[in-house]
Structure formats: structure tokens, C-alpha cells
Amino acid sequence: MKKQITISVNGEKHTLEVEPRELLVHVIREKLRLTGTHIGCDTTSCGACTVLLNGKSIKSCTVLAVQADGKEVSTVEGLATAEGLHPLQEGFKENHGLHCGFCTPGMLMRAKELLEHNPNPTEEEIRWGIAGNLCRCTGYNNIVKAIQYASAKMQGKETPSTEPEFV
Amino acid sequence: MIPAPFDYAAPGSLEEAFSLLEQHGDEAKILAGGHSLIPMMKLRFASPEFLIDINNIPGLSHIKEEDGYLKIGALTREAELETSEVIRAKYPIFLDATKLIADPQVRNMGTVGGNIAHGDAANDHPAVMMALRAEVVISSAEGQRTVPIDEFFYGFYMTAVQPNEILTEIRIPVPGPRTGNAYHKLERKVGDYATAGVAVQLSLDENGVCTYAGIGLTNVNPVPMRAARSEEALVGHKLDAERIELAGQYASEDCNPSSDLRGDEDYKRAVVKALTKRMINKAIERATS
Ligand SMILES: Cc1cc2nc3c(=O)[nH]c(=O)nc-3n(C[C@H](O)[C@H](O)[C@H](O)COP(=O)(O)OP(=O)(O)OC[C@H]3O[C@@H](n4cnc5c(N)ncnc54)[C@H](O)[C@@H]3O)c2cc1C
Ligand code: FES
Ligand code: FES
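Protein chains in written order, with this note's numbering: chain D, 1 to 167; chain L, 1001 to 1289.
Chain L extracted, bound-state conformation (with noise of 0.2 Å):
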């Protein structure tokens, strides 16, 4: 299967890039690491006019801890986060989420910036930076915005990011003490997209009280879902078996999966139930260890 024609330009710096989105308009797509965007292009699902290639552009990729946030660059690699040292001492969730994306090829070239980007309720960084309660950094001719993760997501495939628009960096901010995260999705056999998926981080007080929640699904709604109740269910008490239940709960009667070959919808909302209890779990056991 080979694409549509299409023209292409792999421009040298942000404002090119936007002067080539100004002259484009909404005929033109960006590419990062295009695995996301080839494949659809291949089925003709997609079939933009322009390609304007973003890897050639300095300063795009890039993780490191700065002014309170963990930064990371739009163009970072998947691979990079696996072998971040800052990542692999305090965010453990991104390993777990990196392995189980794809395989070791697609991580080679899939970006950060790109499977949030493609505004996809199936990829895994969504839910992981929901949990973080990240902060989507967009850049234009016009200078930059700052989205929060929530008002992130508008619908299937769409995203806060304009035609004109790029978007730059992926900003968390650097958790307190005592605080873990964890991820996991069920998959049918690796490389698969999820059945569910589940992110959660939790900040813990001395005490073992619950200071901050943070639980995203994924692929079990039409868009990237936050567990809100989930949330309100374990902030301000000690985590007993009974809260860690009822989030499960909760987030299981909230979330709106479809029935598809990966399950049917009662299935699904089990795994949910099953997974935001295992992942709460594991990250108070970071948290605490």
C-alpha cells in the first residue's frame, strides 16, 4: 500500500513550519515519527495534501526537570523515555506504559508529542498524562499557549491543537514526596492496542492519607477519560481496601466502552474495575517504598 501523493517540506525551524501551515492551511498535516499518520495515510483514511516533516526542527525533544515541571519534548522518542535516567527514577509509569506501546521499531520513531497529538482515545499516553495532570504546551506564529491535559481532547481524532498550531513541549508538574504512579493496560498479545487501560498517581501525607489522585483511562471511552470519582473517592482518607474498591468501582460505572473484538462492554468494564484497583495498589506501593 503506498499513500496518496502528497508534497512534502522538512522545514529547519518553527517558523517556517508556520509559514508552511499559514500557506497549507487545513490540507496540511504535520509528521513526527508518522506512525500513527503512514498507516492511515496507507488505508487512505487519511489523505492530506502537505507533509511538513517537524524532525529536522532543533529543540523539540528533550526531557528534563526544570522551573517545578518535568519537560518533555514534542519530538521525543517513545525509546528515549525507556533509557531517560530522570524517567527511570521517578516515573516509573512511563516505563510501564513505553513497553507495552507497540514494539521496540515503532518506538524507535513514534514521538511523545505525537500519540497525544493524534488525539487517539486507543494510545496510552493520554490516559498516563491525565494522571500527571500534564500541561500541553502549543505553539503558533502567534508565540504559545498553555492547555491544560483536561481541555486537551475534543473528540475522536481531534485535539486543542489549530491548523496553524504545533504543538512543542508536554509539561508535568514534578510531584511531592511520597508519591507513586503506575500503568497497565490488558492487551490481546503485545503490540495491541488496549482492552482497558489504567493510570493512576497518588501523593500520600505522613500519615498515609490521600493528597492528590490522578486516575486516566484508556480506550474505554470515546475520548481520553479521567476518573473523576474515582479521584474524589480516595482523596482525604487512608487508602483501606473498601476506598480502593469503591474507586474501582466508580470508575468502572463511569468509563463508556464500546463492545469490539477486544470484549464486550460488561467485559470491559470489569477490566477497568480490576485494573484501577491493581494500579492504585501499586502506586501507594511506590509511594511507600
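Excised from the complex, chain D in its bound form (with noise of 0.2 Å):
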């Protein structure tokens, strides 16, 4: 009942036998153990499972391996490069966008693609654009911030005070 599925993840190609049941994420912590992406709720909720496919961004725990076969698969460890750090990440660091850190991953995959479909998106989008991603720390308004210096620095703006707000 195995199924040969072939995906590029990071750019990196993989050929894996799995079971057509198998879920993405699993296949991705599990046999190519990138355990950047996590699991949470595990029941489509909270996005901490989020990656991209085809540049989209999913829920990896409610995606089939076998949905992803011949796709791109791109998950945070794929963010930063040679030259440092992603604008994205960089903002999470620089505007305290993180506490205990779960949610990250996924806040940083779906704000990828949001800042891609919407390049200088408004405060009310960047939080319609983050529905799907749950924080049980930050309170949310440091990722909104670290949002707006990704895109700020991404468009070669000025990126904006750093000044966290802590609530």
C-alpha cells in the first residue's frame, strides 16, 4: 500500500516511501527530521504546522504526503541563508515577536506569503492575514510589529522603531 512520493523541500529533492495515511508534517519531522515545523493542536487550529506548498501556505497536519507529491515544500529552516538572517526573522528578533517560541515557525511561513500576495499590507491585514496562527505568549502586537519591519526593510523602506511593546 506505500506510495513513492518525490517532494523538494528547501529546494532540496527527497524520493520517500509512505503510507498513503501518513500526514505531511509527520513526514516532514519524522523522516527528513526538520523539526522546525511543530505540532500543536494537530486539528488544524493553531498554525504551528504551517509550511509552504507551491509557495502556498497550509496546515501541514491536515495535508497527506502524498498530496504533496512532485510540489515544493518549504519550511523555516529554509528562511535564513548564507548572507543571514531572513527580513522576517530579523524582525521577530529585533521587535521581541516571540516568547517560548512554538508559534514562530508557522507565524513566519504564513507571514511569508502574506507579505508576497500584499508587500505593505495595513495593521488590520497583517492581523486578518495571521487568523490562523495562534500565540499563547506574545499578545500578539510584537509579531504585528516584526511584520511591519519585514516588509518595511523587504521594500528597502526605512524599518520602524524597535521599541517593544510588552503587555
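In short, the hints are calculated from the structure, not lab data. Since no wrong hints were added, every one of them can be taken at face value.
Simulated pairs of lysine-lysine, PhoX-like, Cα-Cα distance not exceeding 20 Å: (1) D/K71 <-> D/K13; (2) D/K2 <-> L/K1042; (3) D/K3 <-> L/K1029.
What follows is a list of derived Cβ distance ranges for each label pair: (4) D/T35 <-> L/P1173: 49 to 57 Å; (5) L/M1001 <-> D/E83: 36 to 44 Å; (6) L/T1211 <-> D/E123: 36 to 44 Å.
Coverage of chain D stretches by chain L, computed from C-beta distances (three or more under 8 Å per stretch; other residues unrestricted): (7) 15–26; (8) 35–46; (9) 64–71.
A virtual CB, placed ideally from N, CA and C, is assigned to each residue, including glycine.
Relying on the hints, combine the two individually framed chains into one complex.
In C-alpha cells, the structure reads:
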């Protein structure tokens, strides 16, 4: 019953044998050992498992690995380059966009697609844009600021003040 | 949670999919976005033995006006409605609805066809399709048939789609001038299913007399429901406050909500009344602007 699938993860091709019932998040974490992608709720609610599938943010706890056959997967491990952190990662660091960090990989991947579609989102658009990602720690304000920081940086604009807001 | 074992195929054509359906009968399920089916399989509410993934079948994903219809391919993702030019220009009701369906990641996977084919009165598209008097195109090895939305929902998770068939397209009659539509649902938090939801489409003549009314209700009846008496109260009349009040009253009387964690029956009836009035007003505003 096993199926052979080929997925490209952060640019690297992998050919794997999977059962049809295996979830993409399990293949990413347990077979490819990329444990940056987290499992929070396992019920499509929290967004901790968010990765990009052909550039679109999806919750990998609710996608079968066989559905990703022939597609490109991007995870948080692929964000930073030899030149340094991705502007989003830098934004989260500068703005205290995380406390425990559990939600962060999912937030980053969701924000990545958001900024690709809408490079200069309003605060409201950012808040609707991350509506599928839950954070138990930050109160979201610094996450919004982190995304605003990345938005400015990616457009070559001056980045906003990084005075953190503690709530 | 991992679903129970099943076998899987992703055919590249409708013909192949039909022959797989033929082979596996009602042991098989169609997999579209998977965002209703996979959660149910993880919870063992569903354990199909075979999944037929239709995502590799070309021709099932489009949004276009043609032959007097707005045609939406079954595999069209919710997210695609949000960015479609024709939807933005003429069918703002879909923008109202999609914004309130789950969250961006779910909308990247979930399909319009799947949202209806799931046959769940808690989903938002069924009420919208009722307000717009959509027709559902269902295909099989024998050919195609078209089912009006009022004959589509049979019962809890049951629709007109038979085990050998695939829902391929939804067709919405292109509305005439001075038409407005709107949808809203009350939800406890972003991403929640509706406590109650109301979809309205209205057309007016030059004198402001209502010539068409479509009103669909979400999650206040075992199956998606048309507020027929409310529609009748509007058609042929000028829509003054009294008429609108009456339509709201009828909808709240005719629905059959059950008391649950989202609210008790009386509360939900009150929500239906308030939302019906509000959506009628919003549809009028859009029809006249
Ligand atoms: C966390 C979460 C929140 C959600 N919130 C909402 C919400 O607020 N409002 C809302 O409306 N929905 C909501 N949904 C449901 C979501 O919109 C689903 O994606 C949708 O209901 C089903 O579409 P799908 O393409 O994922 O279908 P699938 O899950 O693939 O299929 C659903 C059912 O329909 C059948 N089917 C699908 N396509 C076809 C076809 N073309 N022909 C024949 N049968 C077919 C399948 O066999 C299955 O039985 C939510 C889902 C999640 C996970
Ligand atoms: S683990 Fe996938 S959404 Fe929470
Ligand atoms: S930083 Fe802890 S959950 Fe978001």
C-alpha cells in the first residue's frame, strides 16, 4: 500500500516511501528530521505546522504527504541564507515577536506568503492575515510589529522603531 | 492523530476517476481540499477505504462568466475567490463569506465544490448558493446533470451527489441590474463555524420594487435552508422598514436551530432575525450604489 513520492523541500529533492495516511507534518519532522515545523493542536486550528506548499501557506497536520507528491515544500529551516537571517526572522528578533517560540515557525511561514501577496499590508490586513496562527505568549502586538518591520525592510524602506511593547 | 489505513490514487482525468469510483463503489471518497474530510478521518468519523484525489484533473478550477452564468469550477480554492476580478466587481457576497471561512491557510486548500459537497449546514457556501439560486453540475461516466441548489441537500452530510458521481461545477445565474448581495455570520472567534449566518441577494426595479429575493440560512437547520416565507414577504414590494422587519421575523420563526455551545435556540432565532434585516439592508445599499 506504500506509495513513492518525490518532494522538494527547501530546494532539495527527496524520494520517499510513505503510507497514504501519513500526514505531511510527520514526514517533515520524522522522516526528514526537520523539526522546526511544530505540531500544536493537530486539529487545523493553531497554525504551528504551517509550511508553504508550492508557495502557498498550508497547515501540514491536515495535508497528506501523498498530496505533496511532485510539489515544493518550504519550511522555516529554509528561511535564512548564507547572508544571514530572513527579514522576517530579523523582525521577530528585533521586536520581541516571540517568547517561547513555539508558534514562531508557523508565524514566519504564514507571514512570508502574506508579504508576497501584499508587500505593504495595513495593520488590519496583518491581523486578518495571521488569523490562523495562535500565540499563547506574546499577545500578538509584537508579532504585528515584526511583520511591519520585515515589510519595510523588504521594500528597501526605513524600518520602524523596534521599541517593544510588553503586554 | 493519523487516519485509519486507506488506499489512494490521484487520477489525471475525469474518466479515470469515474472508473475508480465504479471499481470501489461507496468504499471510495473524493478528496478535494481535504479540509473537511481529513479532520473527520483523523477523528475516525469517516474511514473510507479508498481516496480518489481529484487535484490532478485539469479543467475543474475556474471562475468565469459565460452563457449567462457565473461558473465556478469545483476545485476552485476559497482563496481564489478572494482575488478574482469578476467576484470583486459583481459578487461581493463571496468576499463577505470567504473572509469568515476558517483562516488563510484553510482557504488555500479548501475548495468551493468540497464546501458544498460536504453537505454540512454549518458550512457557509450552501446558504450563499441558495441566495444566488445556484445550479450544481454533477458528472459521471454517463454524462452530466444539473441539479438546482434546492434539490441538492438531502440530509446530514447527504447530497444529490451519488457514489459514482463527481461535482464538477457550480453555475450562478448572472444577476440583472440593481442587484445587491451580502453575507454575514456571527462567530464566537475568527475561524469558528457560524452561530448563525444569513445570505441575501435582492434585485430592484427602477421604482425600488423588489423583483428577486434569495435568502439562505447557515447552521440553524439540519440542512442548509431557504427562508422562503421571508423571500415572499419581499418580492413585489417596496422594501420599507416594515417589510424588512417582517422578513426578519419570518426567518427567525421558520428556522430550526438547536441549542448548543454556540447559544440556545431563542438566542439563535434572535440572531437570525437581526442578521436577516442587516443583510437585506446591506443588499439594498449595494443594489442602489
Ligand atoms: C479549522 C477549520 C475551520 C473551518 N471553518 C469553516 C467555516 O467557518 N466555514 C466553512 O464553510 N467551512 C469551514 N471549514 C471547512 C472548509 O471550508 C473545507 O475546506 C470545506 O468544507 C470542504 O472543502 P474541501 O475542498 O476541503 O473538501 P474535502 O474535505 O476534500 O471533501 C469534503 C467532502 O466532500 C466530498 N467532495 C469534495 N469535493 C467533491 C467533488 N468535487 N465531487 C464530489 N464529492 C466531493 C468529499 O468526498 C468529502 O466527503 C473549516 C475547516 C477547518 C479545518
Ligand atoms: S498543528 Fe496543525 S494547525 Fe495546529
Ligand atoms: S511565542 Fe509562545 S506561543 Fe507564540
